[in-house]
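*Asks:* Chains A and B supply the protein sequences, listed in that same order.
Counting with my numbering, you get residues 232 to 354 for the letters of the first sequence.
Counting with my numbering, you get residues 44 to 421 for the letters of the second sequence.
Be aware that one or more of the hints could be misleading.
From the derived model, a few chain B residues whose C-beta atoms are all more than 10 Å from chain A [what the hints assert, rightly or not]: (1) Thr60; (2) Trp66; (3) Arg124; (4) Leu133; (5) Asp254.
In silico EDC-like pairs for lysine to aspartate or glutamate, Cα to Cα no more than 16 Å straight-line [unchecked claim]: (6) Lys344(B) - Glu312(A); (7) Lys344(B) - Glu311(A); (8) Lys344(B) - Asp313(A); (9) Lys399(B) - Asp272(A); (10) Lys310(B) - Asp129(B).
On the chain B side, residues computed to face chain A include the following (Cβ under 8 Å) [said to hold, decoys possible]: (11) Trp81; (12) Ile84; (13) Gly88; (14) Ile89; (15) Ser279; (16) Arg281; (17) Leu345; (18) Pro346; (19) Gly367; (20) Ser371; (21) Val372; (22) Lys390; (23) Ala393; (24) Arg397.
Read the hints as simulated data drawn from the structure, not as lab findings.
Source: prediction; values computed, not measured.
We put the CB at the ideal spot given by N, CA and C, even for glycine.
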Amino acid sequence: MPRYYTEEHEWIEVDGDVATVGITDFAQEQLGDIVFVEVPDTGAELSQGGDAAVVESVKAASDVYAPVDGTVTEGNGQLEEDPALVNSDPEGEGWFFRMTLSDKSQLDGLMNATAYKVFCDAL
Amino acid sequence: MSDDRDNGEAAEVATATLPLDAWHRAKGGRMVEFADYWMPIQYEGIMAEHLWTRENAGLFDVSHMGQLLLSGDGVAEALERLVPGDISALKPGRMRYSLLLADDGGILDDLMITNEGDQFGIVVNGAVKWEDIGHLRESLPDDITLNHNEDYGLLALQGPKAVDALARLVPDAANLVFMQAMPAEWQGHAIGISRSGYTGEDGFEISLPNDALEAFADALCAMEEVKPIGLGARDSLRLEAGLPLYGHDLDPAIDPIEGDLGFAIGKRRREEGGFPGAARILGHLADGAPRKRVGLLVDGKLPVREGARLFDGEDEIGIVTSGGFAPSVGAPIAMGYVPRDHAVPGKPVAAEVRGKRVHCTVAAMPFVPHRYVRKQGG
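Let the hints inform the model, and build the full structure from the sequences given.
*Replies:* This is how it looks when you write it as C-alpha cells:
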C-alpha cells in the first residue's frame, strides 16, 4: 500500500478510499517522551493542513495536521492507554486515526518515502 | 505536526553559547534557545534523565545564570534594603534563598545569597540577570562594589549519589549540609561549592572557572553514577519539588506571600520591615494574600500546562503557571494561582485545556518529598 509523507511529519498510508495517519519516526524522535495523544472523534471532518490531533510530550503540546481532506472513521484507542506506542512504533502500532479520502488528487502533493528522507536529511 | 504550541519567544538579541556548548553537542544534547543561550533541553530523553537524577546523580550546566559578587562596608545592610531576608544574620559559609523586590513588593527575581566571608555571592536567573544587574547598580550605594563574574561557569550535581561522586574530586564537599557553601580547590583552580540545588534532591552547585568546566564535567561524567541532564528534566524535577520558576510562577505582579514564599521573609524583617513593598507584604502576611500559588494534582493523563485557566463551576478563578507530566509522580501535575479560599489542599478546581475541563485538586507541595541533607550523620 502506498505511503505518503507531509512536510509537517505526518505519514498517510492509503488503502483504496481509506487511509491510516500517524506521525513519523523523525517526528517522535524530535518530540521525545510522549505522554498523551488526543485523536479526533469518529465522524470528524478534516481538511488538508487543518488541526486533526494533538500529541503531548513531556515538554510541550504539538498539533498534528490532516494530510488530506476526509472524514475520520476511527481513532486509535490504544494510544489513550499507552501513548508511548508513538515513541516505540510510530509508523505501525502507534498510528493516530483512520480516515476516508475526499480528494485523492491531494496525495500527489505529498512526498514518497525517498523524498521525505531527503527532506529530513536537509533539516 | 508542529511545535507551535510551544511558548517559544523570538530571540531579540543574538543567542549566546555557553562555555560547554561543544561538550553538550558532543554528548548528544539537543540544543534550544533559553534565556538568550543555546542550552541542552535533553540528551537521551527527559523522562529517563529525570528518573536518573532521582536515583543517581545528574549533572546540569547552569552557566547561563548570573554569578554576582558584592563587597564593601555595610553590604549586608545595603542588600536588606532590596530583599526581605535577614542578610545581616547570615553567617560566613551559609546561604539563603531570597527575593529581589520592586518598590511595590512585586518579585523582580528570586536568587541565592551566600556569605563568602569577605563578600556576598549572588546567583540570579539567567533570563533576567541583566535587569537584575541594572537594578542592583542603580539601587546600591556607590561604595558597594558589584562584579558580574563572567569568567566562572556554574554546574549543578543533583541526586542521592551526588555526594559520592563529588567527594571523589573534592572530599571536603561531603562535610557541607544543605545551604552551606565553601571555597575549594580542584586541580589548581579556585572553585566554590554549595550544597543546594533546584531538584528537591540532595546535591551541589559548583562554581568554577570557564576553562576548568570541561575537565570537571568530564571527570564527573566518567563516574558510573553521573549523567548529563538537560533543561527539560530540570523543569520537571523542580516542578515536582514545588519550586517556582521565575518568569512563569513568579513575576513583578506577584509578591512573596502570594507566591507562597513567606519563609523568605526573615523573622527580624517581619518585625522591622524596611524592605521594598513591606506594607503590602506584611499586610498579606498578617491577613492572608487575596491569591496564592498552589500545587495541582491533575486527574487523568492530559497535561495541564502554563496558561490554562482555572475554574470553579462557571467562575474563572485563576491560572496555571507551570505544568506538565511528572515522571516520578506518574501523572500530570501543575502549579498556579487561585483565590485564598481555594488555596486549601483537597479543594477541587477545573483547568481548561483546548476547550475541555480537566478536574484538578489543590495539593500541598512538594509533590515529591525533598531529600535535603540538613545534618551531618543525621
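*Asks:* All the hints need checking, so say for each whether the structure fits it.
*Replies:* Here's how the hints hold up against the structure:
no.	hint	verdict
1	Thr60	holds, 21 Å
2	Trp66	holds, 21 Å
3	Arg124	holds, 39 Å
4	Leu133	holds, 36 Å
5	Asp254	holds, 32 Å
6	Lys344(B) - Glu312(A)	holds, 9 Å
7	Lys344(B) - Glu311(A)	holds, 8 Å
8	Lys344(B) - Asp313(A)	holds, 10 Å
9	Lys399(B) - Asp272(A)	holds, 14 Å
10	Lys310(B) - Asp129(B)	holds, 8 Å
11	Trp81	violated, 16 Å
12	Ile84	holds, 7 Å
13	Gly88	holds, 6 Å
14	Ile89	holds, 4 Å
15	Ser279	holds, 6 Å
16	Arg281	violated, 14 Å
17	Leu345	holds, 5 Å
18	Pro346	holds, 5 Å
19	Gly367	holds, 6 Å
20	Ser371	violated, 12 Å
21	Val372	violated, 12 Å
22	Lys390	violated, 24 Å
23	Ala393	violated, 17 Å
24	Arg397	holds, 7 Å
Consistency with the previously given hints fails for numbers 11, 16, 20, 21, 22 and 23, ordered from lowest to highest.
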